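Colleague: Please build the complex by placing chain D on the supplied structure of chain C, with the hints as guidance.
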Amino acid sequence: MSFLLDKMKKMEPLFEKGGRFEKLHSVYDGFATFLYVQDKVTTGGAHIRDYMDMKRTMIIVVIALIPALLFGSYNIGLQHTRAFGIVDWSLMQMFWFGFLKILPLILVSYIVGLGIEFIVAQIRGHEINEGYLVTGMLIPLIMPIDVPLWMLAVSVAFAVIIGKEIFGGTGMNILNPALTARAFLFFSYPGWMTGDKVWIEGLTKGGAIDAFSGATPLAVAKLDGIARMPSAMEMFVGTVPGSVGETSVIAILIGALILLVTGVGSWRIMLSMTLGALGMGLLLNLTGGNEYTRIPAYYHLIMGGFAFGTVFMATDPVTAAQTNTGKYIYGALTGILVVVIRVFNPAYPEGTMLAILLMNVMAPLIDHYVVQANIRRRVKRVRTA
Amino acid sequence: MSTVIRLRKGLNIKLAGKAEKILLPETAVDRFGVRFADFPGLTARLEVREGDRVMAGTALFHDKAYPEIKYVSPVSGVIREIIRGEKRVLTEVVIDRDGNNRVDFGIADPLKLTREEVKERLLTSGMWPVLRQRPYHIVARPGTVPRAVFISAFDTAPLAPDIDFVMANVHGNHLQTGINVLSRLTDGKIHLSQEAGGSRVAEVKNLTGVEFHQFSGPHPAGNVGIQIHHIEPVSKNEVVWTVDIQDVVALGRLFDTGFHDRERIIALVGTGVRHPKYHRITPGASVGGILKANLGEGNHRVISGNVLTGRRIAADGSLGFYDNMVTVLPEGDYHELLGWATPGLKKFSYWRSFVSKLLPRKDYEMDTNLHGGRRAFVMTGHYENVLPMDIYPIYLIKAIMAGDVEQMENLGIYEVAEEDFALCEYIDPSKSELQEIIRSGINLMIKEMN
Chain C
1 MSFLLDKMKK MEPLFEKGGR FEKLHSVYDG FATFLYVQDK VTTGGAHIRD
51 YMDMKRTMII VVIALIPALL FGSYNIGLQH TRAFGIVDWS LMQMFWFGFL
101 KILPLILVSY IVGLGIEFIV AQIRGHEINE GYLVTGMLIP LIMPIDVPLW
151 MLAVSVAFAV IIGKEIFGGT GMNILNPALT ARAFLFFSYP GWMTGDKVWI
201 EGLTKGGAID AFSGATPLAV AKLDGIARMP SAMEMFVGTV PGSVGETSVI
251 AILIGALILL VTGVGSWRIM LSMTLGALGM GLLLNLTGGN EYTRIPAYYH
301 LIMGGFAFGT VFMATDPVTA AQTNTGKYIY GALTGILVVV IRVFNPAYPE
351 GTMLAILLMN VMAPLIDHYV VQANIRRRVK RVRTA
Chain D
1 MSTVIRLRKG LNIKLAGKAE KILLPETAVD RFGVRFADFP GLTARLEVRE
51 GDRVMAGTAL FHDKAYPEIK YVSPVSGVIR EIIRGEKRVL TEVVIDRDGN
101 NRVDFGIADP LKLTREEVKE RLLTSGMWPV LRQRPYHIVA RPGTVPRAVF
151 ISAFDTAPLA PDIDFVMANV HGNHLQTGIN VLSRLTDGKI HLSQEAGGSR
201 VAEVKNLTGV EFHQFSGPHP AGNVGIQIHH IEPVSKNEVV WTVDIQDVVA
251 LGRLFDTGFH DRERIIALVG TGVRHPKYHR ITPGASVGGI LKANLGEGNH
301 RVISGNVLTG RRIAADGSLG FYDNMVTVLP EGDYHELLGW ATPGLKKFSY
351 WRSFVSKLLP RKDYEMDTNL HGGRRAFVMT GHYENVLPMD IYPIYLIKAI
401 MAGDVEQMEN LGIYEVAEED FALCEYIDPS KSELQEIIRS GINLMIKEMN
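If you read the sequences in order, they're chains C and D. Those letters in the first sequence? Residues 1 to 385, per our numbering, in order. Those letters in the second sequence? Residues 1 to 450, per our numbering, in order.
This is chain C alone, in the form it adopts within the complex:
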């Protein structure tokens, strides 16, 4: 493979300062470092460095998303056949149908998002940040499959520029960029983000068989009552309508396992968020209040975007609480909020996105108090000494 390296080295001067393609330096650098770990050596401090870098970190998250993507593709096909009364499609047919439907979403998300990242890196003179590799995959997975591509492009641009870059780029943002994109669509084009049409491919154009409703389990519970909800098993496996990647708890759990085994995702957040939601659900089961409080507590863990949000969104290290103690508090409060929004908010059946975004904003405050406690310990030591 050394001809590749030779070729790359030969091209390098073109992209350096004064070279013909100087303005594309960040693009060259992005691809070159992707292809080869560079020959850069340590200069000060520790002479050896761990093999772990941002590329590997981010790619692990992308890999963890693949089960959800694969199942999501299949489920698009499956829901389509159900909606339109198709009975003779094989499993592979359903998968390819879905995969080809989601592929444009993925492409638009990456092209728009990475394009902006390249431009910003060039302006700032930074190397490309790998954070968008994850964001770019997350965004299509939390969209309804029928979202128009231009809307997707606008929301991606909004999320990357307003949600991330104006704060200083990856590592500095307050809100999870993928959820920012979704929230932008949610409030700008609510017709495309809610209801019982958008979750099924082709349904917005009409033509479904009569008995079919494309509503998500959460919407069913809200509109038609708990008794009409899909079975727990169906929701766990994921053969229900919903955003592309969120429906299958099994696929998400495989992803969670990858994140936990590699230590890239925070188990503290996943655990405390699950316990928070479960605890709040149980509490509401006991107190009662409205129809919705009677949903079995564990349903909250397998309905809607909870599992996906817990594993892939709330754990974003940049926007979550950063202290270990803070992570428990942040996770638990997020879990509680998800259930509270779901049960008591009359407008939206789902609460995961808003709960996580709200807690993203609160996370620095939680950390502040945790750090203050550490400071108080140190001050106390002086007095007693």
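None of these hints come from the bench; they were simulated from the model. Remember, predicted model here, so these are calculated numbers, not experimental data. Check before you lean on any hint, since a few could be wrong.
Stated by the list, open to error - Selected chain D positions facing chain C (Cβ under 10 Å, derived; list incomplete):
{"#": "1", "residue": "G332"}
{"#": "2", "residue": "H335"}
{"#": "3", "residue": "H371"}
{"#": "4", "residue": "K431"}
What the hints assert, rightly or not - If you want the footprint, here are the derived chain C segments under chain D, 3+ residues with CB under 8 Å:
{"#": "5", "region": "161–172"}
{"#": "6", "region": "312–322"}
Just so it is clear, CB atoms sit at the ideal spot from N, CA and C, and this is done for glycine as well.
Modeller: Structure of chain D alone, referenced to chain C:
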């Protein structure tokens, strides 16, 4: 005996190239150097010129802020060169060895001297700089009386020498005298920390006038700063001193023999040397002699000290003032195709995404490649895992980067040295220079506090 303090946090880097427990006879060294960068925060005033003759113990320069602190020649000879770097900043005083003349500071029993007399003797003999203080991890300021003195009697850094082996082979029985010297300098205790199980060396075991502590756990358990944190942490307006155990011997030797003689035993380690073994050498001596015919093939980096905190030197550069080892590693100046995506069978890592984590292998070859590019901080919750202190590393780092002195103080700047953050720097996927940031924070504190 005291109970064992068990530390869970930290990381033993399984680096290949450990020294065999064989002590080689001393090799003659004809070039010595004293490097100014070994003493952070020092502004030096020279006392010699190129061509001057010096004895072992003749002052070469002193501290501008504390003129009584003298830095002396480790050897008898002629000043060959005073090297200056950019903006004429002093870099190194180079001495060609010649003759065997030593300044005689006279024999004395420290226990029969007053504190002032002991201090005077340490200052004029150039032995004072072996005393370092926390906060700031700099040469102790003579005006203060430390709350306590801390000595670490084990080293957990990658490929570090076995201190028991060193102490069993060190020349003369001066350790107790050294402890006696220290006992004259503080009203508090002298704490000596050992690995769980204690020392097998009689001279260490039978020491009097010290309080023994035992630690177990991975690196950085052997860092004296970590030990202080768990024994009696340094708070604002407090000062403690630290001394390397081999320098305690040198302190004793000064009083027992009258001479400034810091000869010590170091480990020569790393996959870049053919025969990693122990050597007798004096700080300042060129390592060219012990490396000659011992360097492996290829492009190597010679480091005075360990791989985490040491200083890069030339293949005939001089051993750092405080160093007890020399590490030689291959340079990592190569490209690796899709290197970030490999399963990592042969790549030791803190991170569990490398298959090597599951393998029982004991040591791994490593080089100086950065393995990635500089990024903003993204990962959280891992730096804490390799810093066994009640400190939030990234919050302290960010306070330093923001120049927020009050917050730095609140978050524990007084307790830390750059070496304590070396592992955070090693594991950092964002490839930040954390040790450099910590030192800049300490420098800022020194400036603000004066």
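Colleague: Could you run down the list of hints and mark each one as holding or not?
Modeller: Consistency of the hints with the structure:
no. : hint    : result
1   : G332    : holds, 5 Å
2   : H335    : holds, 4 Å
3   : H371    : holds, 5 Å
4   : K431    : holds, 6 Å
5   : 161–172 : holds (count 5)
6   : 312–322 : holds (count 4)
When each numbered hint is compared with the structure, no violation occurs for any of them.
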